[in-house]
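Q: As you go down the protein sequences, you meet chains Z and U in turn. So the first sequence is numbered by UniProt numbering: it starts at 1 and just counts up by one. So the second sequence is numbered by UniProt numbering: it starts at 1 and just counts up by one.
These aren't lab readings, by the way, just hints derived from the structure by calculation. Take every hint as true, because none was put in to throw you off.
Sample of chain Z residues facing chain U (criterion: CB under 8 Å; computed from the structure):
(1) 52
(2) 54
(3) 55
(4) 216
Here the structure is a predicted model, which is why all the values come from computation and not from measurement. C-beta: ideal position from N, C-alpha, C; glycine also.
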Amino acid sequence: MAVIGVVGAGVMGIGVAQSVATGGHDVVLVDTSEEILADARAAIYRNCRMSRMMGGPTLDPDEILARVTTAVGLDALAKAELVIENVTENWEIKREVHAELDRVLPADTVVVANTSAIPITRIASVGSHPERVVGVHFMNPVPAKPVVELIPGFHTTPETLERTRDLLASMGKRWVDVKDASGFVSNRVLMLTINEAAYLVHEGVATAESVDEVFRGCFGHPMGPLETADLIGVDTILYSVEVLYEHYADSKYRPCPLLKQMTDAGLHGRKSGRGFYTYNS
Amino acid sequence: MTTTDRILAFITNRFPQAEISDVEDIFSLGYINSLFAMELVMFIEKEFTITIPNDELRIDNFRTAKAMTELVDGLRSAVV
Ligand SMILES: NC(=O)c1ccc[n+]([C@@H]2O[C@H](COP(=O)([O-])OP(=O)(O)OC[C@H]3O[C@@H](n4cnc5c(N)ncnc54)[C@H](O)[C@@H]3O)[C@@H](O)[C@H]2O)c1
Numbered sequence: 001m002a003v004i005g006v007v008g009a010g011v012m013g014i015g016v017a018q019s020v021a022t023g024g025h026d027v028v029l030v031d032t033s034e035e036i037l038a039d040a041r042a043a044i045y046r047n048c049r050m051s052r053m054m055g056g057p058t059l060d061p062d063e064i065l066a067r068v069t070t071a072v073g074l075d076a077l078a079k080a081e082l083v084i085e086n087v088t089e090n091w092e093i094k095r096e097v098h099a100e101l102d103r104v105l106p107a108d109t110v111v112v113a114n115t116s117a118i119p120i121t122r123i124a125s126v127g128s129h130p131e132r133v134v135g136v137h138f139m140n141p142v143p144a145k146p147v148v149e150l151i152p153g154f155h156t157t158p159e160t161l162e163r164t165r166d167l168l169a170s171m172g173k174r175w176v177d178v179k180d181a182s183g184f185v186s187n188r189v190l191m192l193t194i195n196e197a198a199y200l201v202h203e204g205v206a207t208a209e210s211v212d213e214v215f216r217g218c219f220g221h222p223m224g225p226l227e228t229a230d231l232i233g234v235d236t237i238l239y240s241v242e243v244l245y246e247h248y249a250d251s252k253y254r255p256c257p258l259l260k261q262m263t264d265a266g267l268h269g270r271k272s273g274r275g276f277y278t279y280n281s
Numbered sequence: 001m002t003t004t005d006r007i008l009a010f011i012t013n014r015f016p017q018a019e020i021s022d023v024e025d026i027f028s029l030g031y032i033n034s035l036f037a038m039e040l041v042m043f044i045e046k047e048f049t050i051t052i053p054n055d056e057l058r059i060d061n062f063r064t065a066k067a068m069t070e071l072v073d074g075l076r077s078a079v080v
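Here chain Z stands alone, though its shape is the one from the complex (with noise of 0.2 Å):
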């Protein structure tokens, strides 16, 4: 089994660290800070204790957590065979992570990208080996989701992603191929249905409530537009939606500004225990 990295220990970093583990694998978990890390390993533990009652196998949480260490900074990556990247959807700071990883990482290590929105062929630009950048838009919760995108970028090599489907494949997960471009084919059409269910709050047309009960009452979605949005992070789809507008140059991606205000307020969603509804942490 291999040591695979894993940047970023938010929603998906949590998330994709846990699957890593149950497929058997070590991972080493970064983000920016010891606070991060710490509330990470408690919420895998947590999911870990759910996953049964979630539809999921039944998981030992300790066990799980024997094969997850934790560290900040990048430079605990080097011995990782691959790098799954899950940091804020924001260029700049995808950017300074890429080319960090660049300089820390031997030549022959797979860097997977992890984006809602952002080309791969972009994010592989920033460092000197774009041949062994590969995308995987996993779906979250990622234990609960068995199927992601799997995007080459322009000058990914089939060796990369032999390595990234191997990967996939230990993990439980299915992949469906899509070319390279801004996001993707779900999030070009979910982040538009959520940037207009929003519009149609912050225009007082429905409540979020009913808007969601429209999408589960009328077409028989599980969950409605908004709640979605809750379980993804506020902040991260208005980040998703200004990826697609800067990178369509089409003003039918115009950021709704209740997301804005949302953001700027700390009503992130679930993760802030509080966006379009409110929940208990």
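Fit chain U with the ligand to the given chain Z structure using the hints.
A: Using the frame of chain Z, we list chain U with the ligand on its own:
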């Protein structure tokens, strides 16, 4: 407040549209999904200062306020 009242208050605080009795299956209402089961576990453990054993973490224990009350009261009497 009884255990059942405290649990029902938690549910209706989160879902004001819910008009539920203690035997109503909350997951059959259509707008409450299994993500809320996680919130229920965390609420119950904090509110009643108990740790629910891992093998009791089954969705059936959290379907109704009655089932949750039985779980909580059983665990509390085991502690005393
Ligand atoms: N939330 C979702 O549902 C979802 C789904 C698929 C993909 N994504 C993508 O996954 C990525 C992560 O999203 P998230 O929801 O986990 O975000 P998040 O805000 O929950 O977590 C981001 C983490 O990255 C860390 N970070 C920032 N700068 C760092 C650095 N220099 N070094 C190490 N860590 C750093 C932050 O401290 C934070 O813990 C984003 O690109 C997002 O678009 C998110």
